[in-house]
Amino acid sequence: MAEDDPELAELISRAGAEVIHADDEQSPIVCAPIGEDSTAVAVREGLDHRRLVAIDTLTPSDKRITIMTAPGADPAARDGIAALLSSLGLAVTVIADSPGFIAPRIRAMIANLGCEMAQTGVASPDDIDTAMTLGLNYPQGPLALTDAMGPEIVLAILDTLSAITADPRYRPSLWLRRRALLGLSALDV
Amino acid sequence: MTSPDQQTSTTIGIVGAGAMGRGIAQVTVTGGMTALIYDAAEGAAAKAQEFVGGMIDRLVEKNRLEADAATEAKSGLQIVDSLEGLADCDLVIEAIVENIEIKQQVFKSLEAVLSDDAIIASNTSSIRIASIASACEKRDRIAGMHFFNPVPLMRLVEIIRAPETSDATAETLSDIGKRMGRTPVAAQDGPGFLVNLGGRAYTTEGLRIATECVASPAQIDAVMRDCCGFRMGPFELMDLTGIDVNFPVSKIVFLTGISMISASRRHRCTRRFMPPGVMAAKPTPVFLTTLKTARNPVAAPRLIMSRTSNRRPASSWPRTTRNSLS
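Line by line, the protein sequences give chains C and B. Residue numbers for the first sequence follow the numbering used here, so the first one is 32 and each next one is one higher. Residue numbers for the second sequence follow the numbering used here, so the first one is 50 and each next one is one higher.
These are calculated hints, taken from the structure and not from any lab test. Just so it is clear, CB atoms sit at the ideal spot from N, CA and C, and this is done for glycine as well.
Below, a sample of chain C positions facing chain B; criterion: calculated Cβ distance under 8 Å:
id, residue
1, Lys-94
2, Thr-97
3, Ala-127
4, Ser-129
5, Ile-133
6, Ile-137
7, Gly-145
8, Gly-152
9, Ala-154
10, Ile-159
11, Thr-161
12, Ala-162
13, Gly-166
14, Asn-168
FRET-style restraints, in silico, Cβ to Cβ:
id, chain 1, residue 1, chain 2, residue 2, range
15, B, Ser-180, C, Ala-197, 31 to 37 Å
16, B, Gly-67, C, Leu-212, 47 to 53 Å
17, B, Gly-291, C, Asp-198, 26 to 32 Å
Computed list of chain B residues with no C-beta within reach of chain C, every gap over 10 Å:
id, residue
18, Ala-89
19, Gly-92
20, Arg-107
21, Ala-179
I would like the entire structure built from these sequences, with the hints used as guidance.
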């Protein structure tokens with residue numbers, strides 16, 4: 032299935048690993064979920080959660096990469112993938128199972144709050160982005176961040192977080208949902 | 050008041066000679082306007098005048114300001130010993146303690162001495178402008194002008210309109226902000242205004258992730274720095290700001306009712322960092338699930354890639370290569 036996920040395939044290929052296309056019931060299984068945790072992927076796909084390692088490919092960086100596993104995962108699978116990614120010169124952050132890892136989850140929340148502020152008229156979209164970059168030294172404003180991640184991706188992360196956690200904190204803003212569904216920029220009024 | 054574009058000189062009164070008041074005074078005079086500083090504490094205004102003068106001299110030493118411009122700026126830096134001394138100001142910016150009763154009293158006193166077309170602005174970061182204005186008679190000339198610390202280095206200024214603030218007042222403050230070398234943004238008069246509201250997601254979600262024992266504060270910080278371009282992780286930022294400042298602001302912002310920050314008030318993580326009566330100077334990484342990269346890694350020459358997209362949004366993905374269902 033490597034061809035289905037080119038970014039993950041490229042990462043693995045760069046590390047020099049061989050990707051096989053049939054389950055030999057012993058090799059580690061890697062995935063790159065959008066908003067899901069490893070547990071959800073394993074259950075949905077009927078995969079062996081002990082060998083499943085999720086890699087955050089939504090946050091590309093030449094410095095660091097995050098991986099996570101479900102409860103009960105085989106440490107050998109986790110450490111093997113960590114070693115593989117370390118060989119690319121990346122610092123590997125190994126975390127416990129989390130819907131949305133760390134970065135996609137925090138970035139989606141920044142984006143969503145920015146969208147909600149636009150929706151509720153706290154300020155104009157442009158002023159929201161200007162304020163957050165100048166006032167907090169953010170690398171980009173929340174609405175520009177939404178566009179950079181892709182409104183559809185942010186919506187997918189939040190919908191999944193909402194479903195998994197049942198916490199209204201993760202409810203996608205209508206501003207985001209409408210623009211994602213219509214294929215618009217988050218800065219479009 | 051007359052728009053500053055048509056006015057050759059603008060006099061701005063500053064009430065409060067603390068860090069914010071000093072910074073506002075500095076950008077006022079380097080912006081070619083006159084600053085009159087007042088502070089209720091004896092000698093505080095004079096100390097501020099001396100401090101700001103020194104800061105202007107340093108700008109000259111660093112070749113960031115011409116000597117002539119510095120001399121002119123310092124000549125525009127004056128102090129007064131009573132609120133009555135601000136009577137001729139076109140605008141007075143209040144930058145005192147965050148206490149609504151004290152602010153209301155100052156605003157009422159200013160109303161009594163200022164001309165009817167003078168503007169009164171508050172530099173408050175957390176109190177609603179309408180609440181302050183409720184103590185005044187002429188509310189159309191009252192607004193928020195929220196600077197960020199340190200003022201000379203932070204270019205942003207929030208112009209906050211209460212329901213009764215006039216268009217002319219907001220526009221004049223925006224123009225004056227530009228003359229001060231700031232970038233004004235217009236914000237609604239609600240808890241946290243713009244920046245203090247928008248900034249909640251970063252820290253509260255970091256806290257949430259740490260609370261779930263997904264990762265340690267140090268791990269979260271490292272990911273956000275290295276992978277997302279933030280200068281500081283959420284925990285480093287809270288350290289810098291001070292948990293004692295961050296948590297109360299989170300509680301104030303909670304009043305917006307925005308669901309995305311709904312959990313900020315009750316974060317066990319924050320409460321653990323800040324137990325009753327104790328303001329933690331440094332949060333310690335107590336929420337650890339630190340799984341270190343293997344020192345003796347197991348080779349993984351063969352592996353299986355799984356499809357990982359659980360769903361497609363109704364519209365097409367912007368990056369169709371991100372994931373797909375097979």
